[in-house]
Amino acid sequence: MLNVFWIIPLLPLLGFVVNGLGLKWMPRRAAGLLACATVGLAFAIGAGAFVELRSLAEGQRAVTHVLFPWISVGSLHTDVAFLWDPLSAVMTLIVSGVGFLIHVYSLGYMAHDPGYKRYFAYLNLFTFAMLTLVLANNYLLLFVGWEGVGLCSYLLIGFWYTKQSAADAGKKAFIVNRIGDFGVLLGMFLVFWNLGSLTFVDVFHRAPEVLAAGTALPTAIALLFFLGATGKSAQIPLYVWLPDAMEGPTPVSALIHAATMVTAGVYLFVRSSGLFALAPDALVVVGVVGAATAIFAASIGLVQNDIKRVLAYSTVSQLGYMFLAVGAGAYVAAIFHLMTHAFFKALLFLGSGSVIEACHHEQDVRKMGGLGSKLPITKWTFIAGSLALAGVPIFAGFFSKDEILYSAFTSGGLGAWAKVLWVVGAAAALLTAFYITRLVALTFYGKPRDKHVFEGAKESPAVMTVPLVILAVLSTVGGFLGLPLVPRLNAIHNWLSPVVGGHGGEGAAMEGAGHAEAAGHSMSLELVLMAVSVALAVGGIVYAWQVYVAKPGRAEALGRRMSTMYRILLNKYYVDEIYGAVVVKPVVEGSRILWRVFDAGFVDGMVNGTGRMMRGAAGFLRPIQSGFTGSYAAAIMVGALMIMGYVLFGGGR
Amino acid sequence: MTPMPVPLAYFQVLAGLLFSIGVMGVLFRRNILIIFMCVELMLNSANISLVAFGRALGSMDGQVMVFFALAVAAAEVAVGLAIIIDLFRKKGTVDVNQVSLLKG
Amino acid sequence: MALAGFLILAVAAVAGALGVVLQRNALYAALSLVGVFAATAVLYLMLSAPFLAMIQIIVYAGAIMVLFIFVIMLLSVRYEESGEGAGIPAGVKRNLAVVLAALMVGLFAVLSWTFVLTGRRGAADTDTTSIEQLGLTLYRKYAFPFEVASILLLVAIIGAVAITRRHGRGMEGSVGVEES
Numbered sequence: 128m129l130n131v132f133w134i135i136p137l138l139p140l141l142g143f144v145v146n147g148l149g150l151k152w153m154p155r156r157a158a159g160l161l162a163c164a165t166v167g168l169a170f171a172i173g174a175g176a177f178v179e180l181r182s183l184a185e186g187q188r189a190v191t192h193v194l195f196p197w198i199s200v201g202s203l204h205t206d207v208a209f210l211w212d213p214l215s216a217v218m219t220l221i222v223s224g225v226g227f228l229i230h231v232y233s234l235g236y237m238a239h240d241p242g243y244k245r246y247f248a249y250l251n252l253f254t255f256a257m258l259t260l261v262l263a264n265n266y267l268l269l270f271v272g273w274e275g276v277g278l279c280s281y282l283l284i285g286f287w288y289t290k291q292s293a294a295d296a297g298k299k300a301f302i303v304n305r306i307g308d309f310g311v312l313l314g315m316f317l318v319f320w321n322l323g324s325l326t327f328v329d330v331f332h333r334a335p336e337v338l339a340a341g342t343a344l345p346t347a348i349a350l351l352f353f354l355g356a357t358g359k360s361a362q363i364p365l366y367v368w369l370p371d372a373m374e375g376p377t378p379v380s381a382l383i384h385a386a387t388m389v390t391a392g393v394y395l396f397v398r399s400s401g402l403f404a405l406a407p408d409a410l411v412v413v414g415v416v417g418a419a420t421a422i423f424a425a426s427i428g429l430v431q432n433d434i435k436r437v438l439a440y441s442t443v444s445q446l447g448y449m450f451l452a453v454g455a456g457a458y459v460a461a462i463f464h465l466m467t468h469a470f471f472k473a474l475l476f477l478g479s480g481s482v483i484e485a486c487h488h489e490q491d492v493r494k495m496g497g498l499g500s501k502l503p504i505t506k507w508t509f510i511a512g513s514l515a516l517a518g519v520p521i522f523a524g525f526f527s528k529d530e531i532l533y534s535a536f537t538s539g540g541l542g543a544w545a546k547v548l549w550v551v552g553a554a555a556a557l558l559t560a561f562y563i564t565r566l567v568a569l570t571f572y573g574k575p576r577d578k579h580v581f582e583g584a585k586e587s588p589a590v591m592t593v594p595l596v597i598l599a600v601l602s603t604v605g606g607f608l609g610l611p612l613v614p615r616l617n618a619i620h621n622w623l624s625p626v627v628g629g630h631g632g633e634g635a636a637m638e639g640a641g642h643a644e645a646a647g648h649s650m651s652l653e654l655v656l657m658a659v660s661v662a663l664a665v666g667g668i669v670y671a672w673q674v675y676v677a678k679p680g681r682a683e684a685l686g687r688r689m690s691t692m693y694r695i696l697l698n699k700y701y702v703d704e705i706y707g708a709v710v711v712k713p714v715v716e717g718s719r720i721l722w723r724v725f726d727a728g729f730v731d732g733m734v735n736g737t738g739r740m741m742r743g744a745a746g747f748l749r750p751i752q753s754g755f756t757g758s759y760a761a762a763i764m765v766g767a768l769m770i771m772g773y774v775l776f777g778g779g780r
Numbered sequence: 030m031t032p033m034p035v036p037l038a039y040f041q042v043l044a045g046l047l048f049s050i051g052v053m054g055v056l057f058r059r060n061i062l063i064i065f066m067c068v069e070l071m072l073n074s075a076n077i078s079l080v081a082f083g084r085a086l087g088s089m090d091g092q093v094m095v096f097f098a099l100a101v102a103a104a105e106v107a108v109g110l111a112i113i114i115d116l117f118r119k120k121g122t123v124d125v126n127q128v129s130l131l132k133g
Numbered sequence: 113m114a115l116a117g118f119l120i121l122a123v124a125a126v127a128g129a130l131g132v133v134l135q136r137n138a139l140y141a142a143l144s145l146v147g148v149f150a151a152t153a154v155l156y157l158m159l160s161a162p163f164l165a166m167i168q169i170i171v172y173a174g175a176i177m178v179l180f181i182f183v184i185m186l187l188s189v190r191y192e193e194s195g196e197g198a199g200i201p202a203g204v205k206r207n208l209a210v211v212l213a214a215l216m217v218g219l220f221a222v223l224s225w226t227f228v229l230t231g232r233r234g235a236a237d238t239d240t241t242s243i244e245q246l247g248l249t250l251y252r253k254y255a256f257p258f259e260v261a262s263i264l265l266l267v268a269i270i271g272a273v274a275i276t277r278r279h280g281r282g283m284e285g286s287v288g289v290e291e292s
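If you read the protein sequences in the order shown, they are chains P, C and X.
So the first sequence is numbered by the numbering used here: it starts at 128 and just counts up by one.
So the second sequence is numbered by the numbering used here: it starts at 30 and just counts up by one.
So the third sequence is numbered by the numbering used here: it starts at 113 and just counts up by one.
These aren't lab readings, by the way, just hints derived from the structure by calculation.
Heads up, the beta-carbon is just placed ideally off N, CA and C, and yes, glycines get one too.
Check each hint, because a few of them may be wrong.
As the list claims (entries may be wrong) - DEER-style ranges, computed between Cβ atoms:
#1 P:Gly746 with X:Ala274: 16 to 26 Å
#2 X:Ala274 with P:Arg742: 40 to 50 Å
#3 P:Gly754 with X:Lys253: 43 to 53 Å
#4 P:Asn735 with X:Gly271: 48 to 58 Å
#5 X:Asn207 with P:Met771: 20 to 30 Å
#6 X:Val222 with P:Asn735: 48 to 58 Å
#7 X:Val126 with P:Leu768: 12 to 22 Å
#8 X:Gly174 with C:Leu130: 34 to 44 Å
#9 C:Leu130 with X:Asn207: 20 to 30 Å
#10 X:Ala116 with P:Gly746: 57 to 67 Å
#11 C:Leu130 with P:Gly746: 16 to 26 Å
#12 P:Phe747 with X:Val211: 16 to 26 Å
What the hints assert, rightly or not - Straight line, CA to CA, 30 Å or less: simulated DSSO-like cross-link-like pairs of lysine-lysine:
#13 C:Lys120 with X:Lys205
#14 P:Lys585 with P:Lys574
#15 X:Lys205 with C:Lys119
#16 P:Lys585 with P:Lys501
#17 P:Lys298 with P:Lys699
#18 P:Lys290 with P:Lys578
Excised from the complex, chain P in its bound form (with noise of 0.2 Å):
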């Protein structure tokens, strides 16, 4: 299986072929079921190819397979070719196990949708391109498949695309991420510039020797690469395409703005640890901007009463999480971060997607409530996966959330930020807690405050619950991939930091990955971390339960008493009309301006212009042909005349 894991992300990009090709004559169920079998597949011989990968020996991980050479120019040389290593695998496990149950869940959610064929042809284009991103063995690949991902999410996004707003998003997507993209450009150029290589082993190789750590150069492709991990995995500044995203079908919220998509950011950081080691400056800006994005995202998502939305904004403050992670040398930390939060955003997403199903296509939370009796699977599964976020013990994000929240406390690379990065990241903790419990009492528990929505309500099918019911397994069990305190037990960090830490270098001990294993690791310390940020949560999660069920009046008692703050929260900081105004009004009259004035008056005054100067000669010259033989013939005369004096009395002899 190892030799053909290359196949991997060929198969999507097979059914999305077929799909594509086939809209007009492949039958409807035919086309749902070849798109989650080439996921299913995917993910099958993904799986066979990590047992055999983790039968080599722990230096030797890392399988290269060329498909062809691609771009052989003066000195660069890109190859189109996948890396198997212990990290690309975890990525890809990932995105096609929680695709594949994304994609059966859309069989689904997706049935009596006109569009049905070309969803499932866009989801496995979008499954190719970020297995294309994950498994990439150069930084050029890589970008193909940022750039696939983000052209996905374009078409995905604004699915229906006769709906104004979902063109709207779909474009505001991809025009934010397109600055950022403009960031992992430049980063990518000044890494082949300096390093004369985009290949990721001869990157890290030589990024000791060439950049020297500290200096200008490695934090200028660090910050640059940052930005374009804002534009795609939505931070401040660039998170503003996230939310309007949700006018997207749920199940493409889940798989790309929770699951996958999002995450390329950090897996980019991640596997460019080894050159971010340089730059740690760079990397305290990735903290201080993470936990910022983390807490700012936590707060808006406190009022949203939209269930996407305040999925979607727990979704920018989670990646805020990972971002944190990062800037504190946690990379080990970052991934499992993900990978949780890729089981239980998926799950929230999903069942959301259950809850506006069953409400028939109802998606503001106001109108919900008391769903529980009806929806039984759905509230379950639902609430396995609050918990997980909120990160109550047990459930997977418990220790992903716990283990970023110890590292970010005990990073010498963030020096003076780490403990206040580590009380951001608490306060986000007990927001997070708080706004989910009171998305789950708003719609599962309480009286019904719509009556019509209520009375339509009635679960969902198997093909969508079953999904449900896997990915909540997943949330409650994943997180025993990385129990903390036993150095031992922790599968994660000893299948990851081999390969996340010393890149290339034979064990060299970097500030990267496993930092948190190299400074001697204080289990007290965390157990009172651990503690600490257990009763956040737990307490977060009872003062919401008080608010919104016990006492249902506090809600709005405590709205008005706080109404300024309240109405900032609930207009998202007025970021989008700063944006507005600031950003894109300017461009847009300056377009105006140009367009007037430089195209209309410009270049077509000199097109025209030139047109009227030919009509105004012609004219001029057109009496010259009379019709008149004397006044030719008196032409000629004169000319004759002058040629004569010329040759007689002036000219060449």
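With chain P held as given, fit chains C and X onto it using these hints.
Coordinates of chains C and X only, in the frame set by chain P:
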């Protein structure tokens, strides 16, 4: 050989003068017949010049050339007048300014 | 003595030329041209070319001008219409004419006066050249052009006939005719 009765230059000036007058006629008259006559005038002036030169050089070539020029002029007049008659039949006028079909 | 003769002839020629160019009546213009030819003929005599002088009268004045007068009368052209407004306006014409004329004459005068004749060509030694001499040159040196000239005349005849041929009917009135 006997010198010329009148210096060569005089004949040339006369020829040039006649030629110029002929050119003026060709350019500025409107009646095509008169234009044609002016062309004949120009030819004639050239003939004078040729004969003068021939005499000055003591060669017969000048006279022979004029002989041929004369023959050609006769032929040319025949054809030219035929054309003028045809033109008159088609356009009803001999005014050169009225036949500006090449206009524009 | 010869100079005086030359001057008289020259004045006559120029006067006739001016008559051609300036007269309104086409018939008078034709007659002026005849006068020019006559003067030219006498000039030829002066230049020891008696044969040419005679030929000039016979061919030019006698044949060509007669043709001209035939056509003028045929087309009943008397006076040139004036002031049709087409072409170059009259004032401009006059000025242009003067300027051009001055230029040309000046040019020729300067050329002629500064021209220096070099060398002699032939052995024509006598005061009067004879037909014999002409014939010898013509049929020996210029035999080929002679034959070509005869063909040229043939072509001209055919051409003239072809152009004026009427397809069908005979000659009709000369004013306002329409081709059928």
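(message) For the hint 48 to 58 Å, verify it against the beta carbon of P:Asn735 and that of X:Gly271.
(response) 53 Å, holds
(message) I want to verify a distance hint. Is the separation of the beta carbons of X:Asn207 and P:Met771 within 20 to 30 Å?
(response) For P:Met771 against X:Asn207, whose Cβ atoms are near 22 Å apart, the range 20 to 30 Å holds.
(message) Assuming the hint says 40 to 50 Å, is it satisfied by the Cβ distance from X:Ala274 to P:Arg742 or not?
(response) 44 Å, holds
(request) Given the range 34 to 44 Å, decide if the beta-carbon distance of X:Gly174 to C:Leu130 lies inside it. (result) 36 Å, holds
(request) Decide if the proposed pair is consistent with the structure: P:Lys585 and P:Lys574, CA atoms, cutoff 30 Å inclusive. (result) Holds, at about 17 Å.
(message) Is 16 to 26 Å respected by the C-beta to C-beta distance linking P:Phe747 and X:Val211?
(response) 24 Å, holds
(request) Could you tell me whether the CB distance from X:Val222 to P:Asn735 stays inside 48 to 58 Å? (result) Roughly 53 Å apart at Cβ, these two residues keep to the hinted range, so it holds.
(request) Note whether the CB distance of X:Ala116 and P:Gly746 lies within 57 to 67 Å or breaks it. (result) Taking Cβ atoms as reference, X:Ala116 and P:Gly746 lie about 59 Å apart, which means the hint holds.
(message) Just to be sure I understand the hint, the distance between the Cβ atoms of C:Leu130 and P:Gly746 should be within 16 to 26 Å; is that true here?
(response) 21 Å, holds
(request) Using the beta carbons of P:Gly746 and X:Ala274, state whether their distance is inside 16 to 26 Å or not. (result) For P:Gly746 and X:Ala274 the Cβ distance comes to about 41 Å; the hint is violated.
(request) Decide if the proposed pair is consistent with the structure: X:Lys205 and C:Lys119, CA atoms, cutoff 30 Å inclusive. (result) 28 Å, holds
(message) Hint check: P:Lys298 vs P:Lys699, CA-CA at most 30 Å. Holds or violated?
(response) Since the Cα atoms of P:Lys298 and P:Lys699 sit roughly 20 Å apart, the hinted pair holds (cutoff 30 Å).
Checked against the numbered hints given earlier, the structure breaks only hint 1 and satisfies all the rest.
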